[in-house]
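If you read the protein sequences in the order shown, they are chains A and B.
For the first sequence, the positions run 0 to 343 when numbering that gives the first Met the number 0 is used.
For the second sequence, the positions run 0 to 343 when numbering that gives the first Met the number 0 is used.
Honestly, the hints are just simulated from the structure, not real lab data.
Model, not experiment: these values are computed from the prediction.
Just to be clear, a hint being listed does not mean it is correct.
As the list claims (entries may be wrong) - From the structure, some residues in chain A lie toward chain B, with a derived Cβ separation under 10 Å:
id: 1; residue: D1
id: 2; residue: R5
id: 3; residue: Q138
id: 4; residue: V140
id: 5; residue: L142
id: 6; residue: I247
id: 7; residue: D248
id: 8; residue: N338
Idealized CB from N, CA, C, for every residue including glycine.
There are 2 protein chains.
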Amino acid sequence: MDLNPRKLRILRAIVDEYILSGAPVGSKVLSQNPSFKLSSATIRNEMADLEDLGYLEQPHTSAGRVPSDKAYRLYVNNMMQRSNLTEDEVKVMSAYCQNKVKGLDAVMRETASVLSNITHYTALVMMPESGTNRLRHLQLVPLAEGYALVVVVTDAGVARDSVIHVPADMGADELDRISRSISQRYYNCRMVEVGERMTREMAMELQERGTFLTDLVDTMESAPGANAHRIALSGANNMLDYPAYSDIDRARQLLAAVEKKDSMYRLLKNAGPFEICVKIGSELGQDIFSDCSLVTATYRIGSMPVGTMGVIGPTRMPYGKVVSVLDYMSKSLGSILTNLLEED
Amino acid sequence: MDLNPRKLRILRAIVDEYILSGAPVGSKVLSQNPSFKLSSATIRNEMADLEDLGYLEQPHTSAGRVPSDKAYRLYVNNMMQRSNLTEDEVKVMSAYCQNKVKGLDAVMRETASVLSNITHYTALVMMPESGTNRLRHLQLVPLAEGYALVVVVTDAGVARDSVIHVPADMGADELDRISRSISQRYYNCRMVEVGERMTREMAMELQERGTFLTDLVDTMESAPGANAHRIALSGANNMLDYPAYSDIDRARQLLAAVEKKDSMYRLLKNAGPFEICVKIGSELGQDIFSDCSLVTATYRIGSMPVGTMGVIGPTRMPYGKVVSVLDYMSKSLGSILTNLLEED
DNA sequence: CTTTAGCACTCCGTTCCTTTGAGTGCTAAT
DNA sequence: ATTAGCACTCAAAGGAACGGAGTGCTAAAG
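Using the sequences provided together with the hints, build the complete structure.
Here is the structure:
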């Protein structure tokens, strides 16, 4: 089923042209391309073959051909070449977030924003999910009687706030004592360990205090994971640009789909921790995205992959460009995070 | 320029009908309404008058009439009656957020979400801007050398995180000492005061420490104000439902406009701290919203107004319903916040 | 055996025209 | 003052005609 070189060249030209123009491409335009010394008739024959092989589709009998998902797959695997980034693009990407120190949330949001601005598609950035965050500080702040605010600070610089019940007789002093004790005892422990160690080592107190400490452990365990399943989303509107065959209904559905963050999270997660991954149309496994592609890249803290970012747009996106951008941005975000967080 | 009772009745019927159907209303449908014992001809005459007076508009010579902004204004001021909420609606609105204790952010987000779900329009909820938040705790957490994370906890249960520079020689102990000292000294002070008092009372240290303390003061001052200018937005997509005369371009512009949060913030702010306020079309002062209306309500903590929530949708929205919903929700949010925060 | 020129055919998108029907304004009768 | 009646307007929907881009096939040329 392998294609001869000429078929490959033609297929590639078709994909390139279609990505550029968005209109079905006919044999004539290709034959006019000086790099082919073939008549349109010859090209037509080849195109017919390519269609039989499942690489091309015809919207209507008398229209040009459009690449199928299979063609894009081949294109991305074997033909695509990363495009060089323009100076402007590099400038934008390298400038962002560089000079100011910011919270993790802000960094992620800005990353997504830059991504969507440069690509003009919708950008998704998964929060880092390092089980390796280390505890910096725990503070229980008394609220109304029976409630306390739990502030967990990790080296990820994130202070997530949530509220737990505490025994009514537990005063501010007691809460402070506990905070300090836990902070000291588990200082610099990875969050994944803190939970188990607390359950183990504080078994005695655990029983005395009823549910309080177990609640606290739960809260703390989910604290670094509070980032889990969270993503930053930017440029959802860009979805509206795309359906050129635009009926507003489809646009609405797309928008709605994109804004379901947990479903988007799964999409990113499914793409796996590969350096760069491209999922095309049907490969995404969701009808609504059947003519969308998702390009993802994994970013690292130090050498450990901790999250995925991606861009979702029409299948006819300029893959070379998008891949280059994601490659750059994932490394950029990685180094920002690494600088920001890791000085263990 | 006052209208006789019959004109009023007719105008009202037109507005009601148009809000319901969305199509220009003609004289015939009105004459069929049994509550008028008039022929369509008579009604036509009245409608012509109403048009001359600026209450009605004709999309085309031979179409029915459509209410003008002026008509909506009259309607809202004098004719509209709040509609009763359905059981289901009340159930949804009273159930939300009630059983779980959550952070402020989550409460605001859910409020917006409920609002947009019930009304099917776009909901905006301004973060509470009480200058009355009181300091609970300040914690400086050392990060990399020269950086510290500032965690400010107020009785609003919010821990906002931001990073400041600190002198390189300032260690964890020193930071801890400062944290504790400030926390104690200004415990339960209103945040608006903390800033000035610190600048005043710590003038000496201020000079020694260079920019560190001024940075800290800035950060703390903006901490409760970090909520300022922030809004929760929900249901922006619903904008797409609305332009029935839907060209996708206009939809895009609307979406883009709605997602400019600072501009939306100003809109809410401009509506002022009234119990309920309705701005119709041109009254919003933005061309893009010329056929939208904004209904806002103010919510309170205790008896003090601290924020505004609103719903933005087409001018032909069912005002009675929307006003009822906003009235209910603003009170509901108010009591949630009051319970959550105020036990001074 | 491969390539190409030529031709008939298909079908989409556009334009232009007609029809339809809802709605109006005006006039004359009640 | 109200209403019936009528001529008029205009947007929206339907349909015919056309142009054009593109195809598939066949037969000739290389």
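Worksheet item: Looking back at the numbered hints, which does the structure fail to meet, lowest number first?
Response: Checked against the structure, the hints that fail are numbers 1 and 2, while the rest are satisfied.
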